[in-house]
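Visitor: Below are the chains, spelled out letter by letter.
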Amino acid sequence: MKIGVFVCHCGSNIAGTVDVAGVAQAAKNFPEVAFATDLLYSCSEPGQEAIVQAVQEHDLDGVVVAACTPRMHEPTFRRAVERAGLNRYMFEMANIREHCSWVGKDKDANTRKASDLVLQAVEKLRFDRPLQAKSFDINKRVLVVGGGVAGIQAALDCADGGLEVVLLEKTSTIGGKMAKLDKTFPTVDCSSCILGPKMVDVSMHPNITLYAYAELESVEGYVGNFEVSVKKKATYVDWDKCTGCGLCMEKCPSKKAYDAFNEGIAPTRAINIPFPQAIPKRAVIDPTYCRQFIKGKCGVCAKVCPTEAIDYEMQDSFVQEKVGAVITATGYDLFDYRKYGEYGGGRYPDVITSMQYERLLNASGPTGGHIQRPSDGREPKKVVFIQCVGSRDKSVDRPYCSGFCCMYTAKQTILTKDHIPDSQSYVFYMDIRAPGKMYDEFTRRAMEEYGAQYIRGRVSQVYPYKDSLIVRGVDTLLGSQVEIEADLVVLAVGAEASRGASELAEKLRISYDAYGFYMESHPKLRPVETNTAGVYLAGACQGSKDIPASVGQGSAAAAKVLALFSKDQLESDPQVALVSQARCVGCGKCVQTCPFGAIQLAEDRAGNPKAEVIETVCQGCGLCTVTCPQSAIQLQHFTDNQILAEVNALCQQAMEESFES
Amino acid sequence: MKYVAELKAKIREKLPELDVVIGWKQGFDPVHASPAFMTTPEEIEQLVVNPLCVQNLATYLPGLKGKKVGIVARECDTRSIGELLQESLIEREELTVFSVKCPGAVDLVKLRQQVGDLGRVRSISFDGPRVTVETPDESSSLDLGELLPGKCRVMAYDEPVLADFRFVDPDQDTVCREEADTDLVALEQMDLDERFAYWRGHLDRCIRCYACRNVCPMCVCQDQCIADTRDPHWLSAETDVRQKWMFQLIHAMHLAGRCTECGECERACPMDIPILTIRRKLNREIHELFGYTSGMDVDAVPPLLTFQPEEKSITEREW
Chain C
1 MKIGVFVCHC GSNIAGTVDV AGVAQAAKNF PEVAFATDLL YSCSEPGQEA
51 IVQAVQEHDL DGVVVAACTP RMHEPTFRRA VERAGLNRYM FEMANIREHC
101 SWVGKDKDAN TRKASDLVLQ AVEKLRFDRP LQAKSFDINK RVLVVGGGVA
151 GIQAALDCAD GGLEVVLLEK TSTIGGKMAK LDKTFPTVDC SSCILGPKMV
201 DVSMHPNITL YAYAELESVE GYVGNFEVSV KKKATYVDWD KCTGCGLCME
251 KCPSKKAYDA FNEGIAPTRA INIPFPQAIP KRAVIDPTYC RQFIKGKCGV
301 CAKVCPTEAI DYEMQDSFVQ EKVGAVITAT GYDLFDYRKY GEYGGGRYPD
351 VITSMQYERL LNASGPTGGH IQRPSDGREP KKVVFIQCVG SRDKSVDRPY
401 CSGFCCMYTA KQTILTKDHI PDSQSYVFYM DIRAPGKMYD EFTRRAMEEY
451 GAQYIRGRVS QVYPYKDSLI VRGVDTLLGS QVEIEADLVV LAVGAEASRG
501 ASELAEKLRI SYDAYGFYME SHPKLRPVET NTAGVYLAGA CQGSKDIPAS
551 VGQGSAAAAK VLALFSKDQL ESDPQVALVS QARCVGCGKC VQTCPFGAIQ
601 LAEDRAGNPK AEVIETVCQG CGLCTVTCPQ SAIQLQHFTD NQILAEVNAL
651 CQQAMEESFE S
Chain R
1 MKYVAELKAK IREKLPELDV VIGWKQGFDP VHASPAFMTT PEEIEQLVVN
51 PLCVQNLATY LPGLKGKKVG IVARECDTRS IGELLQESLI EREELTVFSV
101 KCPGAVDLVK LRQQVGDLGR VRSISFDGPR VTVETPDESS SLDLGELLPG
151 KCRVMAYDEP VLADFRFVDP DQDTVCREEA DTDLVALEQM DLDERFAYWR
201 GHLDRCIRCY ACRNVCPMCV CQDQCIADTR DPHWLSAETD VRQKWMFQLI
251 HAMHLAGRCT ECGECERACP MDIPILTIRR KLNREIHELF GYTSGMDVDA
301 VPPLLTFQPE EKSITEREW
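Chain order of the listed sequences is C and R.
For the first sequence, the numbering used here assigns the number 661 to the last residue and increments by one with no breaks.
For the second sequence, the numbering used here assigns the number 319 to the last residue and increments by one with no breaks.
Since the hints were made in silico from the structure, they are not lab data.
Some clues are possibly wrong.
As the list claims (entries may be wrong) - Quick list of in silico lysine to any residue cross-link-like pairs, SDA-like style, CA-CA up to 20 angstroms: (1) R:Lys151 x R:Lys65; (2) R:Lys65 x C:Ala582; (3) C:Lys507 x R:Glu311; (4) C:Lys507 x R:Phe307.
Bear in mind the structure is a predicted one, so any value in this text is a computation, not a measurement.
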């Protein structure tokens, strides 16, 4: 075998703390290395060309590039060696940047380590074999999980692109958080007026199948061929018959049901249509409040329903769908405002969340758009807004900035002034973060034109005084304590990962960060992809986002799916498990441990049980290979021999030292 | 044992349906019993059950897969059978278990320490907890409790894991008992260097005869064993402590959560290396992590042979 080694300078990224020429020189003495050199930027066009030329000139059989992480440029170099006429798996990458030059300052030590890493790659390459990808057919349908604005946008773009879309929504209507908002920043245009048409488009689009009040039960399969099971939760109303007339809601005698759409500021009926523009506009019974379910008798809705749609016996049902890609747009949830005891959220009725305030402002809300204090219905004259409630605070495990609270608080001060001209708003803030188009101008307008008084500092305590609330805090710019007697306190709660996000992530086999937000494949260059092929992200499930960013991501995810489906067949990754029939004893341990159901027991010609890998389902995780006692299953490109060669290259010396003492 | 006649009668009755029944018979001298493979009624007559019958016969089962096999098994032996069944290494339908109440066991190393060279023993007899050993010079009466192997002192088995037929003498007591695992505690109290030196010393004595592997009921890799295979070339043939160490530890790791602690490895070891202790340590880790004890429930799924996104007792994150 003739191996070529190329050591990258990466400008000064590597060459700054590693003697790259020295590493290339050392590599010339490694086994079967026929050619070694250093390159200024191996990923650049001249860099790649040099590799191609060297392969052809020196008749190389394999290539080692010592450079950055394979996550970035492994595909680049694989294509380069393929252009040079080699199989793309006759290539190894040694990461001497993230694993070496960036983490150490000692140039001698770094150079030694870089040489070791190159030796490791060379030793592995000596055991590499050419692998061939196979092609398989794909199902050009897409599942969108979550019917908020990001999911709606993704569904509409995919559908307009000619794909069949299955849209899943957990609640009884699509629209998500945006449907609850009164106005949107920085234009102060009506939220439901701009969202409404999109929601109607979803319901009218011939390519979109909408399952509302439904959840993802399970996901099997792989990119191009997912099989999903959708749980349609029991609504106790036959939606094929329900016309959304709302008569049941009017007559329902159970009037104390929790109103999730209105954030619990007023009760609703046990049978409910959340808001007039709901899509689908269908009623749902909440069995925790419905008298028929609690007491076993009532039946008023069944009596008044003109279409006889009520069905108290309804059970959850399941639908199977086959799709080729999944877009998750599960959004976010709001921080629990009760966690800050000092603000009195949950204890004092006039301390509310920003989303509750949004419902008070909204003409379709329970107060008809009149701002009224929850305690006595009085119109507040002094409103205090406290920002960063559950944002930028390590003490509540929310160190991140939610990003949109500064803007919606500015919007709410403007709306407060519009609704109650003789009112005064106060905003306690840490920093104002307004980096979007027209955003800073907007916050300035709130202060300058609408007279909102911004106080830079934190609030230490909110406590009741007579029929109002005293907000005590600090003004760090004046360096003094401030006390404001407020009629209403609005907490600008931050975003956190949607409840149940981690369970869904595990079903979809995608990763999530320490706060439960889904991980994108690359924070800059692959922002809507996940590391699971065929699963994409849109909106706030990936991290807190405002509406424009969510819509942008929805379209981006749709573009990714459309690009994926532009081919009729996909190539499967040949780095999958392979069973040696001679070694397999058919014990089936691999079948039990495989998290993807990619291994089944089959029989050989003599009728003995043998494990068999379904190549397209296998994700190459390697669990089976460590479970198999006989080493009968080997992960291609990561075989025992290949890994052993790497371990030996690195550890021989260390092991000798530890046993010499 | 009084039940032996009854046991022989039952084996005789079942033999026509079976290819072979595995039991014990008197060995080459008074202190050894050896495995008996019974295929004819005459061979059944040789069957014995006494505290010298120390071999765990379950070791033979995976090699006889595909045959109808009967096996005479003590309670602890059935635990190995249970684990083999869990791992689909044998089939329940092919198996007939003649479960006998354990008469106790004699650790020949301990016997040698009491009476000297075992070659000089003329006869050995058992009467309840008393053991009478005759040598040309003297006759000694010993306490069976003192002669028990270590494994009989750390776990007590009253009932078999599975049985088709059960043989118990009237008023027969369970001999094994559950006491504190002092060996393991002593090891755990050593600091890292001390422990490293301890194992280095012991494992350096290993002669790589692989008796521990050959006798282990759970070692089923056959000729693919890491000790023998040259593809991948895991271990070299050097008689170097590193290679011995590597073999012993890989062997132990392959038994984590699978080892049924039958102690055959330690019994078969000609160098008396305390290798069962490593396995017990690993099993205890598995028990603490997963609350699982190998082989005790045929229908249970061993924790290392399944995949779950979340393990109850392993907290990877806090929410």
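Visitor: Each hint needs a verdict: does it hold in this structure or not?
Guide: Okay, the hints, checked on the actual structure:
1. R:Lys151 x R:Lys65: violated (28 angstroms)
2. R:Lys65 x C:Ala582: holds (17 angstroms)
3. C:Lys507 x R:Glu311: holds (15 angstroms)
4. C:Lys507 x R:Phe307: holds (13 angstroms)
Violated hint for the displayed structure: number 1, the only one.
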